[in-house]
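Protein chains in written order, with this note's numbering: chain A, 8 to 638; chain Y, 13 to 473.
Hints are computed from structural coordinates only; laboratory data are not their basis. Source: prediction; values computed, not measured. It is possible that part of the hints are untrue.
If we take Cβ atoms under 10 Å as the criterion, some of the chain A residues that face chain Y in the derived model are [what the hints assert, rightly or not]:
(1) A64
(2) K97
(3) N150
(4) G152
(5) A153
(6) L439
(7) L447
(8) F476
(9) P497
(10) R570
(11) S625
If we take Cβ atoms under 7 Å as the criterion, some of the chain A residues that face chain Y in the derived model are [unchecked claim]:
(12) N94
(13) T95
(14) Y560
(15) I561
No residue lacks a Cβ here, since even glycine has one placed at the ideal position from N, Cα and C.
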Amino acid sequence: MKTYVSNEYDVIVVGAGHAGCEAALASARMGEKTLLLTIGLDMVAFMPCNPSIGGPAKGTVVREIDALGGEMGKNIDKTYIQMRMLNTGKGPAVRALRAQADKWDYHEEMKRTIENTPNLTLRQAVVDDLIVEDRECRGVVTNTGARYRAKSVVLTTGTAARGRIFIGELNYSSGPNNTIPAIKLSESLERLGFKLRRFKTGTPPRVNRHTIDYSKTEEEPGDKEPRHFSFTSRDEDYLTDQTSCWMTYTNPKTHEIINENLDRSPMFSGDIVGVGPRYCPSIETKVVRFADKDRHQIFLEPEGRKTEEIYVGDFSTSMPEEVQLEMLHTVAGLEKVEMMRPGYAIEYDVVDPWQLTHTLETKRIKHLYMAGQMNGTSGYEEAAGQGLIAGINAALSAEGKPAFTLGRDEAYIGVLIDDLVTKGTEEPYRLLTSRAEYRLLLRHDNADLRLTEKGHDLGLIDDDRYAEFLVKKELIQEDLDRLREITVHPTIAVNEYLAGLGQTDLNGGVKADVFLRRPRVTVEDVERLTGQKLAGDRYVKEQVEIDIKYAGYIKKQEIQVARLRRQEAKKIPKDIDYDQIEGLATEAREKFAKIRPETLAQAERISGVNPADLAILSVYVQNGKYAKVQK
Amino acid sequence: MVQRLTEFDTIAAISTPLGEGGISIVRVSGEDAVAIVNRLFKGKDLEKVPSHTINYGHIVDPATGQVIDEVMASVMLAPKTFTKEDIVEINCHGGIVVTNDILQLLLANGARMADPGEFTKRAFVNGRIDLTQAESVMDIIRAKTDKARQVAVKQLSGGLLTEIRALRQEILDVLANVEVNIDYPEYDEEEVTAQKLLACAKAVSGKIDRLLETAQEGQILRNGLKTAIVGRPNVGKSSLLNYLTQSDKAIVTDVAGTTRDTLEEFVSVKGVPLELIDTAGIHHTEDQVEKIGVERSKKAIAQADLILLLLDGSQELTEEDRRLLELTAGKKRIIVLNKTDLGQKLTAAEIAKESGSEVISTSIMMKENLDELEALIKKLFFKGIENSNDQVLVTNQRQAGLLAKAKQQLVDVASGLEAGMPVDLVQIDFTGAWESLGEITGDSAPDELINDLFSQFCLGK
C-alpha cells in the first residue's frame with residue numbers, strides 16, 4: 008500500500024467506543040488538536056451488548072467520569088428510557104444508579120457531541136500500524152495509506168482486535184455486531200514486543216417485543232424520585248414517561264435442551280480458546296456449572312424507543328441459531344417469540360495490562376496509551392473510565408505537563424486501573440464494590456466532592472460549574488455546623504416519633520447531630536421536629552446525613568487511607584535493577600521486574616510476593632533512594 | 013483486598029527469651045508506644061517523663077484495675093533508639109504467665125504483635141544501620157522472616173489450623189453472600205440480613221473465645237512451666253530433682269539461638285513440660301553445710317509459675333519452713349510432705365488446712381506417691397485439656413494476639429448491627445476479622461473473596 012502524509016495532530020485516538028469517546032473529548036477539551044478514528048461512524052459509542060449503564064461500582068464510575076468533566080453521565084441522562092436506584096435498602100456506600108438506555112439515541116447523541124466539539128475531528132478509518140521512532144509513538148497509518156503524525160496516541164480497540172464471532176459451528180472473523188475487525192494492528196503490536204492474549208465474551212439473542220407474552224413475566228418499572236448520573240442534570244428534566252423491563256426464568260426444559268446440545272456449543276467443543284469472564288457466563292456455562300439450580304433469571308430489556316428489539320439479558324449464548332430459538336421457546340412468556348438476532352460469542356485480542364503504567368501509557372513505547380476492553384476489562388463504564396484517564400494523560404504529555412492519576416482511595420477508576428497494572432487479569436475484568444477497600448469513601452453520592460476540584464484543575468470543569476460546586480461544599484459545612492447547634496428537646500412529638508421507630512425515649516435535650524445518629528432518623532425528620540430549616544437542597548442534606556450517621560466508619564476508613572498514603576509516598580526509584588538486590592526470591596524478583604511498582608504500597612499489592620521480599624525491598628530503597636550498599 | 017500496610021503500627025513483643033533470666037523485657041516501638049504503655053502504667057505519667065529514663069511503677073489492667081506486675085519502664089524517644097522510633101521497654105519479673113499477660117494487655121490497647129525480625133527491619137528501614145554489608149543483612153532479614161513464618165505456621169497444631177480455617181470459611185461464605193447482594197441486587201439470591209450477620213459474628217466470636225481460653229495452656233505447653241523446688245536443706249530437694257530428671261523424663265530442646273543455662277533442666281511430667289529453675293542452688297544447699305538458702309530461694313520463687321515446696325513430715329515446722337510457706341503463699345504451689353518412711357510429726361490434712369494449698373505426702377527416697385505428685389502437677393495446670401487426642405491449643409502470643417484482634421472486630425460488628433448500622437458497613441469489621449484470622453494461618457490470597465463469590469453464586473448476564 009502506497010502511503011501519503013496526512014494531517015498532524017496533538018493527540019490521535021483510535022476507536023470510538025466508550026473508551027475512545029471519553030479519551031478524544033477530554034483531549035480536545037483540554038485544548039489539544041485531536042483526531043478520533045473509528046472503523047465505523049455508525050458505531051460511535053455503540054452498545055453491542057446490554058442496553059444499560061450503571062449499577063453497583065459501575066454507576067459510581069459514571070459519576071466519577073462526570074465529576075472529572077467526562078461525557079458518559081451527561082449522555083445517558085439525555086438518552087435513558089428508565090432510571091432506577093439500586094440497593095436503596097442498604098448503606099450509602101453501595102447505593103447505585105442504573106439506567107436503561109435507548110442505545111440508538113445514546114450513539115447519536117454522543118456522535119453529535121463529538122462532531123460539535125472544537126479541536127476534535129471524527130473520521131472513519133481502519134488503523135493498521137503505528138509510527139514508532141526510538142521507542143516513542145509518533146502517529147498511526149490507516150489501511151487507506153494515510154499517515155497521521157501526533158504527539159501521543161491512544162488505542163481503544165475494544166473487541167475488534169482480531170475479533171472472531173462464534174455461533175454454534177459457525178465462526179468468522181469480525182468485530183462486535185458484525186463490523187470490520189482490526190487485524191493488522193494486532194500484528195503491529197506484536198512486532199513492537201507487546202504480549203497479547205485472547206479473551207472471550209458473549210451477547211444474548213434479541214427478540215421482537217410484539218411476540219412476548221408479558222402476562223407470564225414480572226414487570227420492573229423505573230423510579231419516580233428523580234435521580235441523575237450527571238451532577239449537572241436537573242430534577243425538572245427527569246423523565247416521567249419511563250419504559251419498563253420484565254423478568255422471567257429458565258426451567259428444567261431449557262436446561263435439558265442446553266445439555267443435549269452442549270457438543271454443538273463452541274464453548275464446550277474446544278473451538279473457543281479465549282478466557283471468558285466468570286461473572287458474565289453464557290447460559291450454557293451456568294447450566295453446566297450450577298447443575299443443581301433448576302432455574303435462572305432472565306431480564307427482558309428494551310433496546311430503545313424506536314425499535315421493537317428486546318435484549319434477553321442473562322441469556323448470553325453461542326449455541327447454533329436453531330438451538331437458541333428452541334431454548335427461548337421453553338421460557339415462560341417467550342413460547343412464541345421471534346428471534347431477530349442470534350446471540351454470539353466473540354474472541355478478541357487484549358494486551359496484558361501489566362504492560363501499562365497508572366497513566367495507561369505503555370511501559371514499552373512512550374506516548375502510546377491504551378484504554379478500555381483491549382486492556383482486559385469488560386463493561387462500558389470500565390472502558391469509559393480508562394478512556395478518560397488515557398485521554399487526559401495523552402493531552403498532558405502532548406503539552407509536556409505532569410501526569411494525572413487517581414489512587415485507590417480517590418476513585419473506583421483508581422481501583423480499576425491499579426488492579427489492572429498491578430495484578431494484571433486472568434479473565435475479562437469487571438469492577439465490583441468488593442474490589443474497593445475504601446468503598447465507604449468512594450460513594451456515588453460524593454463523586455463530585457472527591458473529584459470536581461481535579462476536573463477543574465485539568466480544565467475539564469468550567470468555572471461556572473466549579474463555582475456551583477463550591478457553593479454546595481459551603482452549604483454542607485454550614486448545615487453540619489447548624490446541626491451541632493440545634494437542640495432536639497424531649498417533647499411529646501419527638502418521643503412519639505421515636506416510639507414509631509421502635510426506639511427509646513429521649514430523656515433530655517440533645518444536639519441534632521447526636522439525635523441524627525439514631526437508626527432511621529433523617530435530616531428531614533430533624534427539621535420537622537425542631538421547626539428549624541437547613542440551608543441546603545436534598546443533595547446537600549444527603550451528604551450531611553451520611554457524614555453524621557456513619558462518622559465512626561468513615562473515620563475508620565480514613566485512618567486506613569492515611570496509612571495507605573504514607574506507604575504510597577515511599578517511591579521506588581524508576582531505574583532500580585532488581586537483579587542487583589541480594590536475597591529476593593526468584594518469583595518476587597521476576598514480578599517486581601515485570602510490573603515495576605512505583606511505590607512500596609503498590610509492591611505490597613502484587614500477588615505472590617511474600618513479606619520477606621517486601622522487607623528486603625523496603626530496606627533497599629529507603630524512601631526513594633538506594634540504601635548505601637557496598638558489596 | 014488484603015492489606016499488608018503494617019509499617020506504621022506500634023509493635024510489641026517479648027524481647028528476652030522466655031524462660032531465661034529473672035527479668036523479662038517487653039519491648040514496644042512506634043508512634044504510639046508511650047501512649048499505649050501509659051494506659052497500663054501506674055506510676056509517673058510516661059508521656060511527660062524525659063527521654064531515656066527508667067521509671068518505677070506497676071502494670072495494671074485498665075479494664076479490671078488488677079495489678080499485673082511491678083515493673084521498670086524505660087522510655088526512649090525517637091530518634092536515638094534502636095528502631096529510630098519511640099521505644100518503651102517494660103522490665104518485668106519474668107514468669108511466662110505474667111510477661112505474656114503484659115504483652116496481651118499491650119495488644120489489647122492498640123499495639124500489634126511484632127512480626128519476626130520486625131524491630132531489626134525497622135532499624136534498617138529507618139536508616140539506623142547503614143547497609144555496608146548488604147548481602148549479610150539481606151540474608152538475615154530473609155532468614156528471620158521466612159524461617160520464623162514457617163515456624164509459626166508449623167506451630168499451628170493440625171487441629172488449630174483446621175479450626176481457624178473453618179472459622180474463616182464461615183465468615184467468607186457470609187461475606188461473599190453480602191457482596192452478591194450488593195453487586196447483584198436484582199438477583200433472587202438470599203439476602204444476608206442484620207440478624208443473620210449478627211448470628212454469624214456471635215457464633216464465630218464464641219468459638220474464638222474458646223480458642224483464647226486455651227492460649228495460656230498453650231503457652232505453657234510450648235515454653236515449659238517454670239518450676240521451683242524449694243525447701244530447707246536436707247528436706248529431699250535433690251532427690252526430687254534427681255527423680256524428675258531421670259533420663260526418660262529429660263527433654264531435648266532444639267530452640268535455635270537460645271543458649272540455656274546448662275544447669276537448668278527441662279523435664280516432661282505426664283506430658284507437661286517443666287523447666288526446673290535454680291537447680292544449681294538445690295545442689296548447692298544440699299551438698300554443703302552452709303548458710304540458709306532462703307535468700308536464694310526468694311529469687312527462684314519470684315520467677316516461678318509453679319512452686320514445689322518440700323517439708324519434712326518427720327519433723328515439726330521450723331522457722332525456715334514457715335518463712336518459705338509465707339514467701340510462696342501467693343503462688344501456685346504444691347506442698348510436698350516428704351519422708352513418709354519415717355515417723356510423722358506433720359499430717360497432710362493439717363498443712364492443707366493451714367496453707368490452703370494442695371498437699372501431698374511422699375517418700376521420695378522410697379519412690380512412694382510420686383506418680384500421684386505428677387498427676388497433681390498435671391491437674392493443677394491443665395484441667396485435663398491435654399488428655400484430648402485432638403489438641404486444639406493456641407500456643408503462641410502472635411496467634412493469641414491475632415485471635416484477640418479478630419474477636420474485637422467481631423464485637424464491633426455486633427455493636428454496629430445493634431446500633432442499626434447497615435450490613436454493608438459493619439462488614440468493614442467483619443472483613444477485618446477474616447483478615448486477622450488469615451494472618452494466623454498464612455492464608456491471604458487477594459482474590460479469595462471474589463473467587464468464593466463466583467464459585468458459590470451463579471451470576472451474570
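Against the structure, the hints come out as follows:
1. A64: Result: holds, 7 Å to nearest chain Y Cβ.
2. K97: A/K97 check passes; min Cβ-Cβ to chain Y is 5 Å, inside 10 Å.
3. N150: With a minimum Cβ separation of about 34 Å from chain Y (threshold 10 Å), the hint on A/N150 is violated.
4. G152: Violated, because the Cβ-Cβ distance from A/G152 to chain Y comes to roughly 41 Å (cut-off 10 Å).
5. A153: violated, 38 Å
6. L439: holds, 5 Å
7. L447: Since chain Y brings a Cβ to about 7 Å from A/L447, closer than 10 Å, the hint holds.
8. F476: violated, 27 Å
9. P497: violated, 20 Å
10. R570: holds, 5 Å
11. S625: holds, 5 Å
12. N94: holds, 5 Å
13. T95: Not OK, violated: A/T95 not within 7 Å of chain Y, min 9 Å.
14. Y560: holds, 5 Å
15. I561: A/I561 check fails; min Cβ-Cβ to chain Y is 10 Å, beyond 7 Å.
Hint check: violations occur at hints 3, 4, 5, 8, 9, 13, 15; the rest are consistent with the structure.
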